[in-house]
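*Asks:* Whole structure, please, built from the sequences with the hints as guidance.
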Amino acid sequence: MNYKITPTELLEYYFCPRFIYYMNVLKIPQYEDRRFKVQKGRNIHEKRMKENPDYLWKKLQVQKRLGATQLSSERLGLNGIPDDIVILEDNSYAPVDFKWAVYPDYVYPGHRIQIAAYAMLVEEIFQQPVYNGYIFYIRDGSKAVEVPITLTLKGKVLQAIKDILEIMNNEIIPDLHRRRTRCLDCTYRNICV
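Residue numbers (the numbering used here): 1 to 193.
The set of hints was computed from the structure by calculation and includes no laboratory data.
Just so we're clear, the structure is a prediction, and the values are computed from it rather than from any experiment.
Be aware that one or more of the hints could be misleading.
Unchecked claim - Below 25 Å or equal to it, Euclidean Cα-Cα: the simulated BS3-like pairs (lysine-lysine) are:
1. 4 / 154
2. 58 / 143
3. 143 / 64
4. 59 / 143
5. 27 / 59
6. 4 / 156
7. 27 / 162
8. 162 / 4
To be verified - Simulated restraints on C-beta separations:
9. 61 / 166: 35 to 45 Å
10. 2 / 180: 27 to 37 Å
11. 150 / 69: 21 to 31 Å
12. 59 / 105: 14 to 24 Å
13. 176 / 58: 38 to 48 Å
14. 90 / 190: 45 to 55 Å
15. 183 / 67: 28 to 38 Å
16. 89 / 183: 37 to 47 Å
17. 178 / 61: 34 to 44 Å
18. 109 / 131: 14 to 24 Å
For glycine and all other residues, C-beta sits at the position ideal for the given N, C-alpha and C.
*Replies:* Put into structure tokens, the structure is as follows:
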């Protein structure tokens, strides 16, 4: 199977490994309420960008924006479109991701994995090192949070890709996530055992 994992699938895998099983093995789509939140966040971001196109980028000292760009790597087994890619004043590249959420005083592990996957794609495609990724929490006044892209984090991305492909190739249902409170907010809660 030559399937390429998306950073969004990595995020969903970190939320609960069974997401991958239901979406990619059983082909059961998610309910639309999650997609609605994503679209609502994009709409607010687009409105702010029209009203004040520099409102976010001054916070990061951005030299140039490359925009949302399709990135794909056979070597990594990754494919995705970050919300933006920026070149900072020190000439380093950084992926940017927007979250329709309030910043919870820390970055969720799934968000870290997602931004790291985008960073790895940016490094591979542009042949430039990526030291940090940035997550903007839109419902918190577009709070920018810097996520250092470490070797440990990259290793977690590669392990998650391997785990996801194993679920898909072997068509095995993984164990439930150890935090069962996540089941309350899961789009598959009505069909999951």
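*Asks:* Now tell me if each hint is right for this structure.
*Replies:* Okay, the hints, checked on the actual structure:
A C-alpha spacing of about 16 Å is found between residue 4 and residue 154, which places the hinted pair at or below 25 Å, so the restraint holds. For the hint pairing residue 58 with residue 143, the CA-to-CA distance comes to about 12 Å; that is within 25 Å, so the pair holds. Taking the CA atoms of residue 143 and residue 64, the gap is near 20 Å; set against the 25 Å cutoff, the hint holds. Restraint check for residue 59 and residue 143: the C-alpha separation of about 9 Å stays at or below 25 Å, so the hint holds.
The hinted pair formed by residue 27 and residue 59 fails the criterion: a straight-line CA distance of about 41 Å is larger than 25 Å. For the hint linking residue 4 to residue 156, the alpha-carbon distance of about 16 Å falls within 25 Å, and the restraint holds. At most 25 Å may separate the alpha-carbon atoms for a hinted pair to count; residue 27 and residue 162 meet this at roughly 20 Å. Restraint check for residue 162 and residue 4: satisfied, since their Cα atoms lie roughly 11 Å apart, inside the 25 Å limit.
Range check, residue 61 to residue 166: about 41 Å between beta-carbon atoms, so the 35 to 45 Å window is met. Checked against the given bound of 27 to 37 Å, the beta carbons of residue 2 and residue 180, roughly 35 Å apart, stay inside it. Judged by the Cβ atoms, the range 21 to 31 Å given for residue 150 and residue 69 holds: they are separated by roughly 23 Å. For the hinted restraint 14 to 24 Å between residue 59 and residue 105, the CB-CB distance of approximately 18 Å keeps it satisfied.
The beta-carbon spacing between residue 176 and residue 58, approximately 44 Å, falls within the hinted interval of 38 to 48 Å. With their beta carbons about 49 Å apart, residue 90 and residue 190 fall inside the hinted range of 45 to 55 Å. Distance hint for residue 183 and residue 67: a CB-CB separation of about 37 Å, consistent with the stated range 28 to 38 Å. Between residue 89 and residue 183 the beta carbon distance is about 44 Å. The supplied range of 37 to 47 Å therefore holds.
Restraint check, residue 178 to residue 61: a C-beta distance of roughly 40 Å satisfies the suggested window 34 to 44 Å. A hinted range of 14 to 24 Å for the beta carbons of residue 109 and residue 131 is consistent with their spacing of about 20 Å.
Hint 5 from the earlier list is the only one contradicted by this structure; the remaining hints agree with it.
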